[in-house]
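*Asks:* In order, the protein sequence lines correspond to chains A and B.
So in our numbering, spot 9 of the first sequence is number 61, and the numbers just go up one at a time.
So in our numbering, spot 61 of the second sequence is number 65, and the numbers just go up one at a time.
The reader is advised that the hints may include incorrect statements.
As the list claims (entries may be wrong) - Label-pair restraints from in silico Cβ distances:
1. A:62 / B:125: 12 to 22 Å
2. B:232 / A:141: 50 to 60 Å
3. B:30 / A:191: 11 to 21 Å
4. A:200 / B:199: 49 to 59 Å
5. B:196 / A:126: 29 to 39 Å
6. A:60 / B:120: 49 to 59 Å
7. A:183 / B:219: 37 to 47 Å
8. A:156 / B:219: 46 to 56 Å
9. A:207 / B:120: 26 to 36 Å
10. B:125 / A:90: 55 to 65 Å
FYI, nobody ran anything at the bench for these hints, they're computed from the structure.
Cβ coordinates follow ideal geometry from the N, Cα and C atoms, glycine included.
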Amino acid sequence: MKHLPKHLQPRWRYLAVEIESWPDVAIDRRAFQRECWYAAQNLLGDPGSARADMTVVRFEFDDGVGEAIVRVRRGETEPARAAVACIDGIDGAAVGIRVRGISGTIRAAEENYLGKRRQDSEERNVVFGNEERVAVLRECDADVRLDETFTGATDLDYDLV
Amino acid sequence: MYEAVHAHPDGESTVARLAKTAADYGFEGVVVRNHHGSRAEYDAAEIREEYDIDVVEGVEIRADSPQEAGGSVGNYRTDQTIVALHGGTNDMNRFAVENDKVDVLAHPMADHGDINHVLVKAAVENGVRLEFSLSGVLRKSGGRRVREIQSLRKLEEIVDYYDAPYVVSADPASHLELRAPRELIAVGEQLGFSSEFIADGLAEWGRLAERNREIQSESFIEPGVERGRYEKEP
């Protein structure tokens with residue numbers, strides 16, 4: 053089909069989103085897109101969800117941290133921001149999520165707001181709460197493994213073995 | 005703006021991690037409000053220094069009966085900056101709003117709790133802040149979420165009418181459950197709360213902490229009477 057003349061094409065805004073979870077969690081683009089749609093539909097309803105038209109256009113997730121760019125209609129960024137804030141889990145894994153910023157192009161969103169976090173992490177033995185544990189360290193953050201679950205900590209909370 | 009958090013062992017992240025994430029998200033401070041059975045061990049001054057964010061020492065008292073809560077409130081009032089009470093039952097809600105030693109009645113509408121004009125008037129009189137907990141909106145789904153939103157709106161109508169003091173919180177128990185102030189404001193707007201309402205409720209924690217620190221400081225003697233700086237006699 054012939055595409056629309058420029059003045060009739062929809063105007064988009066791009067939300068630069070940061071995602072965080074525990075180190076053993078894997079999330080793919082489809083799962084995140086699904087959660088975006090569910091969150092929008094549950095919070096904004098079908099009409100609001102259609103108006104915002106949230107689409108994941110870039111997605112990257114590795115070792116418990118990730119970034120995404122979500123495309124929304126111009127003028128619907130605040131409802132979309134609210135919907136994104138209501139995503140509390142993806143595929144049953146708890147996630148922290150935050151809108152870093154909003155841009156008019158994908159490139160500006162990437163350049164201004166994303167790619168600032170260091171990705172490399174390492175596993176070390178640490179002493180946390182008087183017991184020796186395994187922790188995944190990234191910069192100053194540490195996710196300490198306690199039996200089945202993780203505990204979020206920082207370099208103030210543990211000593212390296 | 006401040007956020008009131010449950011830290012390890014009450015929650016899943018330590019005070020330092022919550023404070024670091026909150027600072028990154030643009031909060032000015034965090035209030036540590038662990039339930040009194042699972043207090044966190046932390047060095048508030050060190051965290052404040054390291055992450056450039058205010059850390060307020062607090063407690064949330066969870067008790068089955070007003071008698072039990074009364075003793076705990078007295079015990080923690082002297083050394084904690086903010087004393088909150090775990091609400092949600094009619095007995096505990098009533099106890100909290102009638103007790104001027106309590107700063108915050110946490111999630112009064114949780115479970116099957118309810119609030120009416122009598123309780124809100126008592127809260128105004130005793131300066132007890134009623135909490136709007138957004139945790140249900142952010143982390144529940146389906147019918148339970150609908151009920152949470154209904155009860156928040158009901159609370160807002162009564163609080164607005166009597167101009168009662170209130171606080172707003174997402175009630176996070178880990179750094180993953182934290183949400184940035186702008187996100188909370190956006191969610192509030194979808195629920196029909198103005199952005200000023202949410203921002204004001206988040207800032208109220210900070211004002212409360214500042215007031216209580218002043219009251220608990222050594223120069224404070226009683227309302228209106230303070231030890232000032234005077235010249236020493238030669």
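*Asks:* With reference to the structure, classify each hint as holding or not holding.
*Replies:* Hints versus structure:
1. A:62 / B:125: 12 to 22 Å: With Cβ atoms ~51 Å apart, the hint is violated.
2. B:232 / A:141: 50 to 60 Å: holds (54 Å)
3. B:30 / A:191: 11 to 21 Å: holds (19 Å)
4. A:200 / B:199: 49 to 59 Å: violated (40 Å)
5. B:196 / A:126: 29 to 39 Å: Cβ of residue 196 of chain B to Cβ of residue 126 of chain A: about 23 Å, so the range 29 to 39 Å is violated.
6. A:60 / B:120: 49 to 59 Å: With a Cβ separation near 54 Å, residue 60 of chain A and residue 120 of chain B satisfy 49 to 59 Å, so the hint holds.
7. A:183 / B:219: 37 to 47 Å: Distance hint for residue 183 of chain A, residue 219 of chain B holds at roughly 39 Å.
8. A:156 / B:219: 46 to 56 Å: holds (49 Å)
9. A:207 / B:120: 26 to 36 Å: Since residue 207 of chain A and residue 120 of chain B have Cβ atoms about 48 Å apart, the given range 26 to 36 Å is violated.
10. B:125 / A:90: 55 to 65 Å: Violated: the Cβ-Cβ distance is about 41 Å, outside 55 to 65 Å.
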